[in-house]
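For the protein sequence lines, the chains are A and B, in the order given. Residue 35 in the numbering used here sits at position 35 of the first sequence; the count goes up by one each step and never skips. Offset between the second sequence (1-based) and the numbering used here: plus 191.
It is worth saying that the hints were derived from the structure and are not from the lab. None of the values given here were measured: they were computed from a predicted structure. By construction, the Cβ of each residue, glycine as well, lies at the ideal position given by its N, Cα and C atoms. Errors might be hidden in some of the hints.
No farther apart than 30 Å at their CA atoms in a straight line, the calculated lysine-lysine pairs in the DSS-like style are these [stated by the list, open to error]:
#	chain 1	residue 1	chain 2	residue 2
1	B	K354	B	K380
2	A	K120	B	K354
3	A	K129	A	K163
4	B	K311	A	K163
5	B	K320	A	K163
6	B	K320	B	K354
7	B	K354	B	K311
8	A	K3	A	K189
9	B	K354	A	K129
10	A	K189	A	K163
Calculated Cβ distances over 10 Å to all of chain B for the following chain A residues [as the list claims (entries may be wrong)]:
#	residue
11	L2
12	P14
13	D21
14	A24
15	G31
16	A57
17	P83
18	A122
19	D141
20	H149
21	H162
22	A164
23	E177
24	R181
25	R186
In silico negatives: residues of chain B with every beta carbon more than 12 Å from chain A [said to hold, decoys possible]:
#	residue
26	E298
27	E344
28	T365
29	A369
30	S375
Protein chains: 2
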Amino acid sequence: MLKLYLAGPEVFLPNARAVLDAKAALTRTYGFEPICPGDLAIEPAPTRHQFGLNISAVDEGFMNQADGVIANLTPFRGIAADPGTVFELGYMCASGKLVAAYTNMIETHYARTVDFYSGKVAVAADGHKRGPDGLSLEDFDMIENLMLHGGVERRGGPVVAHKAAAEALYTDLTGFEACLRALSERQGKAA
Amino acid sequence: MLKLYLAGPEVFLPNARAVLDAKAALTRTYGFEPICPGDLAIEPAPTRHQFGLNISAVDEGFMNQADGVIANLTPFRGIAADPGTVFELGYMCASGKLVAAYTNMIETHYARTVDFYSGKVAVAADGHKRGPDGLSLEDFDMIENLMLHGGVERRGGPVVAHKAAAEALYTDLTGFEACLRALSERQGKAA
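Isolated chain A (complex conformation) (with noise of 0.2 Å):
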């Protein structure tokens, strides 16, 4: 049965436990199995930075284990996804393993560079869309940077985007689960 590592930032939850456990079961219905991040049975180290290392060290190990990745991409603290997430799908589109990237917000990364700039975007004399304080804009009808959006697609794998509650933000599986249905019938192609 092949393993999915499950990337995303309901590890920073309150309840964590209850929605990992909810895309385990969900992922064990499509025929895979889950792995979930470690980061919430790590054991006590001597300091803090030692205890984050442990972390990374663990949580690369699932990776290493896992045969594909499914990386919640929905924004978090601001317009772009989790950091710890992002470098998950580098590692895995590098590993050459299955990929699929979802994200809770239908918004492209495009229109949320623009709010993030309240609208204040021109085009530059060098013909870039530039913000005030000229750096320029990625606008590619993608819903991440163009190396995340493009590096799963251009390994055939779902980028799927839907727009949840704000509510339940972190916790609609709706795009989760369209991931899954995805790489089911991608597997089923295959065997």
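Knowing the structure of chain A, use the given hints to seat chain B on it.
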């Protein structure tokens, strides 16, 4: 000669070419061959989406040719590093390449997250520090999310924090050069 991929948000700067050229020149003085992201020299494509996918393919190809990466993790449009750079750091960690990271802010990931919550962080009943939205904070004396900082440190790579002037946030190369120096010394010992 070892090749280093120079990951960072410099590609978004108005003077991107000049800054990347300066990084490339400095890289050569330490005995490495620089590989800059290809974003600035991509052939036209039929759609914006395809153009984005093409950049993704070019940059992954460049990473595959490289022996290591220096990732500029300076916070970008918020409290976290540029997601494209984070993806690339994860990609290179998984590829078993040399890894190094720097940031031009000295505030820790924890301090920046507390700022994001305007200081409204409290210890919850479960012992975790949480913001008003209930999301827990990582407090591991790290410059970024533990997967990024831990991924580099656990591989013996330098993690450099340098306080740049506000106007030189993305152009100050002090931290970048410290990474080059550390990688160079490491190669000297290995030789």
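Hint check results:
1. B:K354 - B:K380: holds (29 Å)
2. A:K120 - B:K354: Distance of about 28 Å is within 30 Å: holds.
3. A:K129 - A:K163: At roughly 26 Å apart (the allowed maximum being 30 Å), A:K163 and A:K129 satisfy the hint.
4. B:K311 - A:K163: holds (28 Å)
5. B:K320 - A:K163: holds (29 Å)
6. B:K320 - B:K354: holds (26 Å)
7. B:K354 - B:K311: It holds: about 25 Å lies between the C-alpha atoms, which stays within 30 Å.
8. A:K3 - A:K189: holds (18 Å)
9. B:K354 - A:K129: holds (29 Å)
10. A:K189 - A:K163: Answer holds: A:K189 to A:K163 is near 29 Å, not above 30 Å.
11. L2: holds (18 Å)
12. P14: violated (4 Å)
13. D21: A:D21 is indeed farther than 10 Å from all Cβ atoms of chain B, at 16 Å.
14. A24: holds (20 Å)
15. G31: holds (26 Å)
16. A57: Violated: least Cβ distance 6 Å, not greater than 10 Å.
17. P83: Violated: least Cβ distance 4 Å, not greater than 10 Å.
18. A122: For A:A122, whose nearest Cβ neighbour in chain B is about 12 Å away, the distance exceeds 10 Å, so it holds.
19. D141: violated (4 Å)
20. H149: Violated, since 7 Å does not exceed 10 Å.
21. H162: holds (19 Å)
22. A164: Since the minimum Cβ distance to chain B is about 15 Å, A:A164 lies beyond 10 Å and the statement holds.
23. E177: Nearest chain B Cβ is 23 Å from A:E177, so the label holds.
24. R181: With a cut-off of 10 Å, A:R181 remains clear of chain B, as the shortest Cβ separation is near 23 Å.
25. R186: holds (19 Å)
26. E298: holds (15 Å)
27. E344: violated (6 Å)
28. T365: Fine: 21 Å to the nearest Cβ keeps B:T365 off the interface.
29. A369: The claim holds: B:A369 sits with its nearest Cβ about 20 Å from chain A, beyond 12 Å.
30. S375: The claim holds: B:S375 sits with its nearest Cβ about 25 Å from chain A, beyond 12 Å.
The earlier numbered hints that this structure contradicts are 12, 16, 17, 19, 20, 27.
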